[in-house]
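Engineer: Each chain is listed here by its residues.
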Amino acid sequence: QVQLQESGPGLVKPSETLSLTCTVSGYSISSGYYWGWIRQTPGKGLEWIGSMYHSGSSYYNPTLKSRVSISVDTDKNQFSLKLKSVTAADTAVYFCARGNVVAKAYCDYWGPGTLVTVSS
Amino acid sequence: QSVLTQPPSVSAAPGQKVTISCSGSSSNIGNNYVSWFQQLPGTAPKLLIYDNGKRPSGIPDRFSDSKSGTSATLGITGLQTGDEADYYCGTWDSSLSAFVFGTGTKVTVL
Chain A
1 QVQLQESGPG
11 LVKPSETLSL
21 TCTVSGYSIS
31 SGYYWGWIRQ
41 TPGKGLEWIG
51 SMYHSGSSYY
61 NPTLKSRVSI
71 SVDTDKNQFS
81 LKLKSVTAAD
91 TAVYFCARGN
101 VVAKAYCDYW
111 GPGTLVTVSS
Chain B
1 QSVLTQPPSV
11 SAAPGQKVTI
21 SCSGSSSNIG
31 NNYVSWFQQL
41 PGTAPKLLIY
51 DNGKRPSGIP
61 DRFSDSKSGT
71 SATLGITGLQ
81 TGDEADYYCG
91 TWDSSLSAFV
101 FGTGTKVTVL
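Which chain is which? The protein sequence lines are A and B, in order. In terms of our numbering, the first sequence opens at residue 1 and continues consecutively. In terms of our numbering, the second sequence opens at residue 1 and continues consecutively.
Hints are computed from structural coordinates only; laboratory data are not their basis. Treat the hints with care, since some could be wrong.
Unchecked claim - Below, simulated BS3-like cross-link-like pairs (lysine-lysine); rule was C-alpha separation at most 27 Å, straight line: (1) A:13 to A:82; (2) A:82 to A:104; (3) B:46 to A:82; (4) B:17 to B:106; (5) A:65 to A:76; (6) B:54 to B:106; (7) A:44 to B:106; (8) B:67 to A:65; (9) A:65 to B:54; (10) B:46 to B:106; (11) A:84 to A:65; (12) A:13 to A:84; (13) B:17 to B:46; (14) B:46 to A:104; (15) A:65 to B:17; (16) B:17 to B:54; (17) A:44 to A:76; (18) B:67 to B:54; (19) A:104 to B:106; (20) B:67 to B:17; (21) B:67 to B:46; (22) A:44 to A:65; (23) B:67 to B:106; (24) A:84 to B:106; (25) A:104 to B:54; (26) A:65 to A:82; (27) A:44 to A:13; (28) A:84 to A:44; (29) A:65 to A:104; (30) B:67 to A:76; (31) A:82 to A:44; (32) A:44 to A:104; (33) B:67 to A:44.
To be verified - Computed beta-carbon distance windows for the label pairs: (34) B:15 to A:55: 46 to 54 Å; (35) A:1 to B:64: 34 to 42 Å; (36) A:117 to B:61: 38 to 46 Å; (37) B:30 to A:31: 25 to 33 Å; (38) A:104 to B:19: 39 to 47 Å; (39) B:52 to A:55: 34 to 42 Å.
Yeah, the Cβ is synthetic: ideal placement off N, Cα and C, and Gly gets one too.
Just chain A, same shape as in the assembly:
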C-alpha cells in the first residue's frame, strides 16, 4: 500500500529555512500524480502549500509562493519542501500528500504529519 512519511527538524529559528522531506513507499513517484505539502496551524484549519508533478510542473499557494519551493527526487522516491524566512506564524503540523489536485481536486494518501516549531 502507498505510504508517506515526513522527516526533518522539529525546531527552526526565525528567519531561517524550513526543510522537510517526504519518503514514499509502495508507489513510484515517477509513475504519476502530484506530490505536495499541506500544513495545519495548531487548532486551526488546513492550508495547502503546493504540489509538484513528477515531471516538474508545480503549483504553489499564492500567499506562500515567494518563499516556497518543492522538489522531487525520483531516484530516492522522495520529495522535499523548503520554506524560506520563517516566522512564528509558520509553526504548524506539516503533512505531505499524494494527489490529483488539478484535474480531480483530491489528495488520497497522506503522511502522519510532523510538527515544526519556529522559535529562537
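Since the structure of chain A is provided, determine the placement of chain B on it from the hints.
Structural biologist: Leaving out everything else, chain B in the frame of chain A:
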C-alpha cells in the same frame, strides 16, 4: 482566509443524519471537482469522497456528497460516535491556480 466557507459545527444524535455545506464560487466549486476529508483528533486528514461521489476503499456509503452551482454538501447518515471529527471540503481554484480547503466543520455526536 479560506475561499470556501463551511459552518463551524454541526451536531446530531446517534443514528441521525447531518449535512455539511461548503460554499464557494464559480472559480472553484462551480467549475471543478470537490473532495471531502475527515480528520480525527491528532491524525492526518483522510479522503472520504472525490471525483463526483467516489469513495476510497473502506469508506462506507453512509458518506455521500452533492453539488449545486457554487456549493457542495457532505451528508453523513446513521451517525456514529466514531464520526466525531473535523470535516473539510477541498477543490481546485482556477483563478488562484491553487488547491483550496474549506474552513472546516466539527461534527459532534450528541
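Engineer: If any of the earlier hints don't hold here, list their numbers in rising order.
Structural biologist: Hints 8, 9, 15, 17, 24, 30, 35, 38 and 39 contradicted; others consistent.
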